[in-house]
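Colleague: So the chains spell out like this:
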Amino acid sequence: MTVLAVADHRRGELRDVSYELVTAGRELAEALDAELHVAVVSGDVEAFAEHLSLDGVDTVHTVAHGEEFNHDVYVQALEALDAEVDPTVLLMPNSVNGLDYAPAVASSLGLPLVSDAVALAWDDGLTVTREMYASKVETTVDVDADRVAVTIRGGEWGPTEDHGSPAVEAFDLTVDESRVRSRVTGFEEVGGGDVDIADADVLVSVGRGIEEEENIELVEELADAMGATLSASRPIVDNGWLPKNRQVGQSGKVVTPDVYLAIGISGAVQHVAGMKGAETIIAINTDPNAPIFDIADYGIVGDLFDVVPALVEQFR
Amino acid sequence: MKVLVTVKEVAEAADDFEIDGLDIASEYLEYDLNEWDEYAVEAAVQLQEAGHADEVVSVTIGPERTEETVRMALAKGVDRAVRVWDDDIAAAGLLDVDAKARLLEAVVAEEEPELVLTGVQANDDGFGATGVSLAERIGFEWAAVVNDLELEGDVAKVHRELEGGVEEHTEVDLPAVLTIQTGINEPRYASLRGIRQAQSKEIAPKTLADLGLDASAVESSFSMTAMYEPETESDATIFEGDAETTAAELATVLREKGVGAE
Ligand SMILES: Cc1cc2nc3c(=O)[nH]c(=O)nc-3n(C[C@H](O)[C@H](O)[C@H](O)COP(=O)(O)OP(=O)(O)OC[C@H]3O[C@@H](n4cnc5c(N)ncnc54)[C@H](O)[C@@H]3O)c2cc1C
Numbered sequence: 000m001t002v003l004a005v006a007d008h009r010r011g012e013l014r015d016v017s018y019e020l021v022t023a024g025r026e027l028a029e030a031l032d033a034e035l036h037v038a039v040v041s042g043d044v045e046a047f048a049e050h051l052s053l054d055g056v057d058t059v060h061t062v063a064h065g066e067e068f069n070h071d072v073y074v075q076a077l078e079a080l081d082a083e084v085d086p087t088v089l090l091m092p093n094s095v096n097g098l099d100y101a102p103a104v105a106s107s108l109g110l111p112l113v114s115d116a117v118a119l120a121w122d123d124g125l126t127v128t129r130e131m132y133a134s135k136v137e138t139t140v141d142v143d144a145d146r147v148a149v150t151i152r153g154g155e156w157g158p159t160e161d162h163g164s165p166a167v168e169a170f171d172l173t174v175d176e177s178r179v180r181s182r183v184t185g186f187e188e189v190g191g192g193d194v195d196i197a198d199a200d201v202l203v204s205v206g207r208g209i210e211e212e213e214n215i216e217l218v219e220e221l222a223d224a225m226g227a228t229l230s231a232s233r234p235i236v237d238n239g240w241l242p243k244n245r246q247v248g249q250s251g252k253v254v255t256p257d258v259y260l261a262i263g264i265s266g267a268v269q270h271v272a273g274m275k276g277a278e279t280i281i282a283i284n285t286d287p288n289a290p291i292f293d294i295a296d297y298g299i300v301g302d303l304f305d306v307v308p309a310l311v312e313q314f315r
Numbered sequence: 000m001k002v003l004v005t006v007k008e009v010a011e012a013a014d015d016f017e018i019d020g021l022d023i024a025s026e027y028l029e030y031d032l033n034e035w036d037e038y039a040v041e042a043a044v045q046l047q048e049a050g051h052a053d054e055v056v057s058v059t060i061g062p063e064r065t066e067e068t069v070r071m072a073l074a075k076g077v078d079r080a081v082r083v084w085d086d087d088i089a090a091a092g093l094l095d096v097d098a099k100a101r102l103l104e105a106v107v108a109e110e111e112p113e114l115v116l117t118g119v120q121a122n123d124d125g126f127g128a129t130g131v132s133l134a135e136r137i138g139f140e141w142a143a144v145v146n147d148l149e150l151e152g153d154v155a156k157v158h159r160e161l162e163g164g165v166e167e168h169t170e171v172d173l174p175a176v177l178t179i180q181t182g183i184n185e186p187r188y189a190s191l192r193g194i195r196q197a198q199s200k201e202i203a204p205k206t207l208a209d210l211g212l213d214a215s216a217v218e219s220s221f222s223m224t225a226m227y228e229p230e231t232e233s234d235a236t237i238f239e240g241d242a243e244t245t246a247a248e249l250a251t252v253l254r255e256k257g258v259g260a261e
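For the record, the sequence lines run as chains A and B. The end of the first sequence is residue 315 by numbering that gives the first Met the number 0, with every number in the run present. The end of the second sequence is residue 261 by numbering that gives the first Met the number 0, with every number in the run present.
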């Protein structure tokens with residue numbers, strides 16, 4: 000038996016989730032008494048293979064084809080690798096690129112797909128833990144199939160860092176170009192500008208709980224009084240109430256301030272991905288079950304429209 | 000060109016809720032149009048206004064109750080809708096990605112759209128996989144997490160929003176499925192006129208049999224075995240009391256951390 004984990008990389012660098020996939024894969028491989036294989040597709044696969052030569056990995060398959068991620072190539076590469084490796088569990092990242100190829104691979108191979116796993120267990124079959132209802136509940140799902148595809152959430156498994164000595168095998172892929180119907184033409188950095196929230200020591204961050212654009216002023220006032228920098232969750236930026244360079248999260252900025260004050264922010268996983276490294280996390284939220292309280296050090300369960308003005312008074 | 004937009008009614012849990020067996024007890028759930036689908040609907044309606052689309056059709060999988068949600072899409076300019084449901088689907092419980100893609104595949108076969116728009120993910124089950132899975136099934140090209148879209152002939156020029164403030168520019172040959180990210184546009188409010196017109200627009204109910212399928216189409220290889228509130232490892236200090244009291248306590252903590260010091 001084999002577990003096959005697919006590494007994630009972008010613009011010449013392996014992404015953190017690649018090392019986490021190795022950890023998740025290694026745990027599963029031990030439970031299954033299986034081998035752990037890792038695949039890396041496109042880019043400088045030889046350099047990647049060196050980094051992926053980690054403890055617990057038996058084989059690294061390198062598929063040299065093109066510089067950057069192209070999902071049409073990924074699908075074909077994984078179809079071919081699947082035929083060779085025949086993995087019991089195919090592990091992929093629930094990253095943005097994972098969202099773009101994993102469902103197609105699973106569908107093409109006829110494998111059931113369980114996405115966004117936060118924990119995995121094996122006992123005669125795979126049990127996957129996932130979240131539902133915007134992270135308010137956890138569920139366990141039993142998979143009744145001989146083979147299964149799973150995508151894992153970043154940040155849930157620690158990275159594997161210890162070196163190992165797996166076999167590195169170059170996989171010869173013949174790409175059917177007629178099935179390549181998408182072309183990556185470039186990359187763009189967005190959200191630059193006047194302020195770099197990543198530099199701030201104290202962030203006052205506002206979320207959808209603020210309700211209206213004009214209410215942002217209230218939080219601005221607090222940031223001013225506290226000598227803090229203003230940041231936001233995604234909906235605030237989507238609404239055009241603050242510029243993109245203020246967005247904290249997976250698709251925004253990763254910040255590591257000393258203090259992060261989350262006001263009217265639920266703590267969705269993609270938001271938390273950007274701020275969980277803050278030294279002290281404080282949340283103000285009306286919902287005592289909001290996931291932000293799970294990672295907060297201090298909290299006030301209350302209405303921001305009462306608490307924020309009172310806090311402004313404290314710093315005047 | 001015909002554009003098909005998948006829409007989903009999603010359930011949101013109340014601030015305080017109870018779990019009943021394998022789901023949140025229904026009295027604690029409130030239903031709404033999935034946030035990501037709102038942006039997909041807007042993208043489709045804008046394609047129609049720009050003369051790219053002749054017709055925009057919405058499809059949903061859900062019981063009769065979901066027509067209320069579908070009407071919101073119709074009120075915003077979607078021309079008509081298809082709603083797939085029957086007793087077998089109801090009995091299947093949580094539909095996995097594959098089952099949803101199978102049902103949508105059958106609708107695509109009937110409607111023959113050239114472009115399918117879906118939301119990136121649904122806010123309740125959060126699979127984030129139906130659109131791309133559907134694309135593979137129907138042999139369409141695709142792009143996931145699209146936050147900018149321009150059509151040029153038979154090519155969709157899209158931006159895919161990657162992590163860390165980086166966007167990928169990609170060209171995708173049509174026919175295609177695009178999964179739409181929030182922020183791609185500004186979803187409009189339904190006008191009163193739109194809401195009135197939506198009342199007379201068609202929402203065609205379809206059963207598995209209508210789509211040439213049977214109960215095996217919604218068989219799933221997974222079963223939910225437990226639902227629970229996650230144990231928090233949080234040791235958060237929660238300040239209790241009125242706003243003045245809690246604000247004062249929080250301010251003390253913040254000052255200790257050096258906040259507000261000149
Ligand atoms: C691929 C992808 C990438 C993403 N990237 C990001 C990202 O980079 N950053 C990001 O933030 N999100 C991102 N998201 C979106 C994310 O999933 C959530 O939708 C978003 O973070 C929710 O923002 P929020 O917490 O402000 O809003 P909500 O989840 O709506 O939460 C609002 C909160 O305010 C509280 N509230 C309401 N009224 C009050 C009041 N009067 N007083 C106090 N509290 C109140 C509510 O209880 C609730 O908890 C991404 C999603 C996807 C799919």
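Hints are computed from structural coordinates only; laboratory data are not their basis. Worth double-checking, as some hints may not be accurate.
[Stated by the list, open to error] Straight-line distance between alpha carbons at most 16 Å, and here's what the computed EDC-like set of lysine to aspartate or glutamate pairs gives:
1) K205/B / E230/B
2) K205/B / D53/B
3) K156/B / E187/A
4) K275/A / D257/A
5) K243/A / E166/B
6) K205/B / D85/B
7) K256/B / E34/A
8) K243/A / E185/B
9) K156/B / E166/B
10) K256/B / D296/A
11) K256/B / E187/A
12) K275/A / D53/B
13) K1/B / E111/B
14) K243/A / D193/A
Colleague: Now tell me if each hint is right for this structure.
Modeller: Each hint, compared with the structure:
| no. | hint | in the structure |
| --- | --- | --- |
| 1 | K205/B / E230/B | 41 Å, violated |
| 2 | K205/B / D53/B | 23 Å, violated |
| 3 | K156/B / E187/A | 14 Å, holds |
| 4 | K275/A / D257/A | 11 Å, holds |
| 5 | K243/A / E166/B | 13 Å, holds |
| 6 | K205/B / D85/B | 8 Å, holds |
| 7 | K256/B / E34/A | 49 Å, violated |
| 8 | K243/A / E185/B | 15 Å, holds |
| 9 | K156/B / E166/B | 13 Å, holds |
| 10 | K256/B / D296/A | 13 Å, holds |
| 11 | K256/B / E187/A | 37 Å, violated |
| 12 | K275/A / D53/B | 46 Å, violated |
| 13 | K1/B / E111/B | 8 Å, holds |
| 14 | K243/A / D193/A | 11 Å, holds |
Hint violations for this structure: numbers 1, 2, 7, 11, 12, all remaining hints satisfied.
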